[in-house]
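All chains should be built: construct the whole structure from the sequences, respecting the hints.
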Amino acid sequence: MTTDVKSYLREWAMPHVLCPGCAHGIVLRAFLEAVGRLELDQDKVAMVAGIGCSSRLIGYVDFCTLHGTHGRAPAFATGLKLARPELNVVVVTGDGDGLAIGGNHLIHAARRNIDITVMLLSNNIYGMTGGQASPITPQGAVASTTPAGNTEPPFDACKLLIGAGASFVGRVLAANPVVMTDLLVDAMVHRGFSFVEVVSDCPEYYGRYNQLRSGSEMLTWMTRMEQGVADPLAEKGFVAHIPKLAVPAGMKTGVLHSENRTVFEGVREPIPR
Amino acid sequence: MSGPQLIQGNEACALGALAAGCTFYAGYPITPSSEIAEHMVRALPDVGGVFIQMEDEIASLATVIGASLAGRKAMTATSGPGFSLMQEHIGFAVIAEVPCVVVDVMRGGPSTGLPTSPSQGDVMQARWGTHGDHPAIVLVPASVQEVFDLTVRAFNLSERFRMPVTLLFDEVIGHTRESVELPDEVDIVDRQKPISEPADFWPKVAAANGVPPLPAFGDGYRFHVTGLTHDERGFPTTDAKTAESLITRLHAKVEAHADEILGVETFMLDDADVAFFAYGIVARSAREAVLRARSDGIRAGLVRPTTLWPFPSSAVAEVAAQVDTMIVAEMNMGQMIGEVERAAAGRARVLGHLRADGEPITPAELEAALAGSANEEVKA
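For the record, the sequence lines run as chains A and B. Residue numbering for the first sequence follows the working numbering, starting at 1 and increasing by one per position. Residue numbering for the second sequence follows the working numbering, starting at 1 and increasing by one per position.
For the record, the hints were derived by calculation from the structure and aren't laboratory data. For every residue, glycine included, the Cβ atom is placed at its ideal position computed from N, Cα and C. Fair warning: there could be bad hints in the mix.
Said to hold, decoys possible - The calculated lysine-lysine pairs, modelled on DSBU-like cross-linking and capped at a C-alpha distance of 35 angstroms, are:
hint : chain 1 : residue 1 : chain 2 : residue 2
1    : A       : Lys-44    : A       : Lys-252
2    : A       : Lys-44    : B       : Lys-241
3    : A       : Lys-44    : B       : Lys-193
4    : B       : Lys-193   : A       : Lys-6
5    : A       : Lys-6     : A       : Lys-252
6    : A       : Lys-6     : B       : Lys-241
Said to hold, decoys possible - Here are a few chain A residues that sit away from chain B, every Cβ distance over 10 angstroms (derived from the structure):
hint : residue
7    : Gly-21
8    : Val-189
9    : Arg-213
10   : Gln-227
11   : Gly-254
12   : Leu-256
The structure is reproduced here in structure tokens:
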């Protein structure tokens, strides 16, 4: 049964701030479908975000929503979860928010294995501030701060989180919303720290800088890459050095890691005397 | 009544927090404040509380804010370098109006500075450290007993005004052991909860006291909390009128109740010609210097604020109108002296006795400062 996602939206807060072609809306819809499928108590869902386009999503959902500071959402979420464990706490972050300024908080939340879910919407760029390079901007990609092409190697967010100790790690494309809902359901059901990287898009900045000119073209492109097509851009006659999303050909999606590990609940048990 | 106990200032802080109803602590190790965390981790589980050691001070205050929004009274403690990192979330707690208590056990700076010699170098940072216009409530205890009392007060003020409250003391007070008598019970203030139904609830509509009621996440009220300038519905806006109304109310809720927030103690001021302005540990030395000077026939007195911010301008102005000279003694290069000059407004001569070398200011130094100020007068 399909969820009535409108019942989870603050329609009074619309219109939203996202650009035409931005896939973040697809992600939000897929997430709300997951909330509906899990029949979560709407009063007990807390969404936490930092700063950036992805983070603005939580303003439009009718849950308890905490729009914190840049990169710190996992720390705010830790306080909420430890203080009130019955809350279902979900963090929405982006590649700049979660992996640059907030990288430290993200890896420590994963290491502790606190029972929260983090959705990281990677769109390869800082969209809110106008198209600067992020920690997952591929080498060679053009951004407003890498006009001659990015010279820094990117993170693989999922490998980073597995290394940090996240007990559930998955990746999904914004082009596959049905699969995304399934994956988010698994992530939220998982006891412990769950991390889902959603490969999203930014046609407005990343696409424009890198010859992927519309949302639909970017979604098609990421799907082709996942299928192992070496360089769809080359088919269009673009020069070969045009960089890709941070999605290498044949990139793995789905559940990449899952284990049962002791869940962190803070120091709350009296010292045995 | 459990009778007198010999405890450290940092321990008194932890005990005060527990007495005030604190059930959540998040922090990061830093000398000279770490004993507060070490006491809280042992004590909190016994009262249904939770402790967490975070990855840094930025995260510590974020976690405290999260816990507070989930309904708990929450605190963190640090020293100068960590206090610098916390400024980001002090600003967040101000605009989002989240009650929390931040303790800064001051040591010499700037930067890593003098670990861990005492200092009063953070008094302006406590007022202006975070960016943007904002009110601040900052309390400055001068004894171990007062650390306990003002920690309770810090929680009560933070709950009442829905804002962060900073407790500032220095390494000497943090590590000094003194005999204190802790009350069995203290007066406790809890944040106001909404009386409206969840469907009618707007999170930033202020009650008559200028403070909006605050439900906890999970109570059935679904609302938005943001560090962006927002309207009464809690939603971001860039509308100039709305922005003005928010920033005005944030200041007004403190200014309108400043008389109830301020704490000022005076000592031997009735006939004084010269008065010290001193706070924290320095006020203890100043008090001793006043007694010694009196025995030498110098009519000295002391004005000692326990609330540094809001600044007790009227109290200082009154003292300035009465004495010839005020001597501001502080363990920094001159931070509160500017405020004293502003409040004194020329009614008295304002001199400074400043020291920022990591050594506490002694009674003997201040006695000499009194004598020096008298000589200068003669010369003039």
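Structure-based check of each hint:
1. A:Lys-44 <-> A:Lys-252: holds, 33 angstroms
2. A:Lys-44 <-> B:Lys-241: Within the cut-off at roughly 34 angstroms; holds.
3. A:Lys-44 <-> B:Lys-193: Distance of about 18 angstroms is within 35 angstroms: holds.
4. B:Lys-193 <-> A:Lys-6: With a Cα-Cα distance of about 28 angstroms, the restraint between Lys-193 (chain B) and Lys-6 (chain A) holds, given a limit of 35 angstroms.
5. A:Lys-6 <-> A:Lys-252: holds, 32 angstroms
6. A:Lys-6 <-> B:Lys-241: Holds - the C-alpha atoms of Lys-241 (chain B) and Lys-6 (chain A) are around 31 angstroms apart, at most 35 angstroms.
7. Gly-21: Non-interface label stands for Gly-21 (chain A): nearest chain B Cβ at 23 angstroms, farther than 10 angstroms.
8. Val-189: Holds, because the least Cβ-Cβ distance between Val-189 (chain A) and chain B comes to about 20 angstroms, which exceeds 10 angstroms.
9. Arg-213: holds, 30 angstroms
10. Gln-227: It holds; Gln-227 (chain A) is separated from chain B by about 39 angstroms at its closest Cβ, greater than 10 angstroms.
11. Gly-254: Non-interface label on Gly-254 (chain A) holds, nearest chain B Cβ at 30 angstroms vs cutoff 10 angstroms.
12. Leu-256: holds, 24 angstroms
Checked against the numbered hints listed earlier, the structure breaks none of them; every hint is satisfied.
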